[in-house]
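**Student:** Spelled out, the chains give:
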Amino acid sequence: MQETDKGTKTITFEVLLYGPIAAYGGGKHIANVNMTMSQGTPLGAVYAELGIPLKAKGYVFVNSVLCDAPGLNASLEYQVQADDHIGIFSDNHMWPYQYRDGVKMSDELRDVLRKTGAIHHSYESTARDE
Amino acid sequence: MGKKILRINMTDLKATYEDVPKEWGRWAGRGLTSTIVFDEVDPTCHPLGPNNKLVFAPGWVTGTPAAPSSGRTSFGGKSPLTGGIKESNAGGMSGQKLAKLGLHAVILEGTPKDKKWYYLVITNDGVSFENADELMGEGMYKVDEILGEKYPKTAIIGIGQAGEMKLSNAGISVNDPENKPGRYAGRGGLGAVMGARGVKAIVVDDEGGPGVEIANEDLFKKGRKALTSAIREHALTKKDGGLNAYGTAVLVNILNEAGGLPTRNFSSGHFEGAAKISGEAMSEAIEKRGAGKMGHGCHPGCIIQCSNIIPDEDGNELVSPVEYETTWSLGANCGIDDLDYVAHATYECNDIGLDTIEAGNTVAMTMEGGLLEFGDAEGAIKLFDEIRKGTPLGRILGQGAEATAKAFGVHRVPTVKGQSMPAYEPRAVKGIGVTYTTSPMGADHTAGYTIAPEIAGVGGKADPLSIEGKGELSLAFQATTAFIDCTGYCLFIAFPILDIAEGFGGMVESVAGVAGLEITGDDVVPLGKEILKKERLFNEAAGFTAADDRPPEFMREEKLPPHDEVWTIPDEMLDEVYGWVHAD
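From first to last, the protein sequence lines are chains A and B.
Mapping the first sequence onto the working numbering, position 83 (from 1) lands on 83, and the numbers just tick up by one.
Mapping the second sequence onto the working numbering, position 335 (from 1) lands on 335, and the numbers just tick up by one.
Read the hints as simulated data drawn from the structure, not as lab findings.
Check the hints yourself; a few may be wrong.
Stated by the list, open to error - Calculated lysine to aspartate or glutamate pairs in the DMTMM-like style (CA-CA distance at most 25 angstroms, straight line): (1) Lys430/B x Asp107/A; (2) Lys14/B x Glu272/B; (3) Lys559/B x Asp83/A; (4) Lys559/B x Asp84/A; (5) Lys115/A x Glu207/B; (6) Lys115/B x Glu130/B; (7) Lys222/B x Glu178/B; (8) Lys115/A x Glu468/B; (9) Lys28/A x Asp337/B; (10) Lys28/A x Asp240/B; (11) Lys104/A x Glu272/B.
Stated by the list, open to error - Computed list of chain A residues with no C-beta within reach of chain B, every gap over 10 angstroms: (12) Thr8; (13) Ala22; (14) Met37; (15) Ala48; (16) Glu49; (17) Gln98.
From the three backbone atoms N, C-alpha and C, an ideal C-beta is built for every residue, glycine too.
Bound-form chain A, shown alone (with noise of 0.2 angstroms):
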């Protein structure tokens, strides 16, 4: 962690983009950014700071734990923690239930998951569906 002149405390972090959004860190299908932003960013601030849509983004880990799938936003409010490994995957990325079936997941995704039905490969679908 180091502190800037203005006594803002920062971090460094690696973000690795995977699919079409690696374009968003100057790579095709795949790109790896190494950042520094203020401590206490929000995964959010992540997105905007690389230009990223949310409806761009599917799955997101942090440290191999998944905070996010496609169409939801349970990331958002995450905050980066120094020497984080975050890795962000296009919307078109699959990952069919049963093989995410138990994996480890944040609290906010889990909840999220609870509301919308857990099984899904899509939640574009789940929403025009409601």
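Assemble the complex: chain A is given as a structure, and chain B must be docked to it using the hints.
**Tutor:** Just chain B now, with coordinates in the frame of chain A:
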């Protein structure tokens, strides 16, 4: 003329066409192969002996006009790898052609008295038994080339050298639209069962065939339209969706980020080189080398097109497909992050006739056992030569991971019922572990697709986010998957039909329309359970007990990084999954 059962007796070299018994007429695909195996194969027989049979059957809708992504062929028999019942299905050219010949199923039985090898040619006029001398010792690329020249525009089902040697990891190849091998009924060693019948290849020519009878044309068309729309709309299956853009290997980076990608023989859930062997890396290689393609179809009429063609280092098309399971087993699970090695090793598997999941796990056993170091791509590729040549080492490797582990004194063996686990670590992805352990097929990632719970109302009461519901959910998934395995549709229709209710209804209506069955969505799970019950009872009669529904011992004891998880599913929950078989 109604559908027929084609029974090919290799002892007498005779083929007979039989009427379809009423019970068999209810089924197609996996439901039919498992029913025939249940009815005709002694569960205690030796899988390579004269009393086992190889049964293959297209699905209900396979061969019908414009049914989307519906070219599957189911192959069944008693497995040399697991010792239990086996169904393994493949895409490629065979399903549609068998169906258009009016064949409900083909039963291959007996063993040639003259000990010679044959290839069979199935046409609308009957079956001819041809001398296979020129094919013997050849890999599947050459077999497809020779037979493709002789019998253009046909389906070619065949076995490589592994099947000739009757090795337990021998798969059955089906050619793709470019007449290349790679569409494998890979799991469980059914290629050895075909080899034990003295059959190197089967050519299927549907010219002049009667086609598929459709009982209710209007219902079929209505269902087909709804299903097609759902596939084309869904984010995963539409054009440029996840499957089309990156193939099934789109999952590599996801499972790796989740800490669930088995690495170096299931010793970690995270592989530092995963990105280099991922679907994204394949796309990059294809663009950079100006050859190959993503979005390749494995059979005519597929609208998902998740297959790919991977080029070699010189920009020549090398192999198709390199799938998620393949790039994981040959790559991450062996600590190898070289996509070109993965492509070459896949070519070897396709040619020799090996299941890539079992082959990768087998190579990992040699690394765990000290023959090679993890990460040794150069050493690993040489192992395939050993198998091809049938050296003593190669014959051990060709028996699969469990036999190889015994040969090398390895106790960390990731198998259930003798079959290697696929690319999802059950300590990190806990739900899949229930399916791995309880499926009649052995550890199988395709045995429990998520389809029914919220639509068909089964499993809807179970909380999918709780450990308590995992057994009930797994049974629902296994039952619905068993049903889809009867349809002839690719299992990947599971994604749109789960999320889009009209697609689920369309799938069922299209089946009802073709087969003349009076079924609705509510019948999917009960029908699936009928199939599972037969498979389970076959295995019990073959000697399987609850002890066969258990995870590998080391997974209960070793913590898996990065989450440091061990296996936590209680044995009682595993026993409850099939408790209903004797209660109903």
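**Student:** Could you run down the list of hints and mark each one as holding or not?
**Tutor:** For each hint, the structure was consulted:
no. : hint                : in the structure
1   : Lys430/B x Asp107/A : holds, 17 angstroms
2   : Lys14/B x Glu272/B  : violated, 56 angstroms
3   : Lys559/B x Asp83/A  : holds, 24 angstroms
4   : Lys559/B x Asp84/A  : holds, 22 angstroms
5   : Lys115/A x Glu207/B : violated, 54 angstroms
6   : Lys115/B x Glu130/B : holds, 14 angstroms
7   : Lys222/B x Glu178/B : violated, 32 angstroms
8   : Lys115/A x Glu468/B : holds, 19 angstroms
9   : Lys28/A x Asp337/B  : holds, 20 angstroms
10  : Lys28/A x Asp240/B  : holds, 15 angstroms
11  : Lys104/A x Glu272/B : holds, 19 angstroms
12  : Thr8                : holds, 30 angstroms
13  : Ala22               : violated, 8 angstroms
14  : Met37               : holds, 21 angstroms
15  : Ala48               : holds, 21 angstroms
16  : Glu49               : holds, 20 angstroms
17  : Gln98               : violated, 5 angstroms
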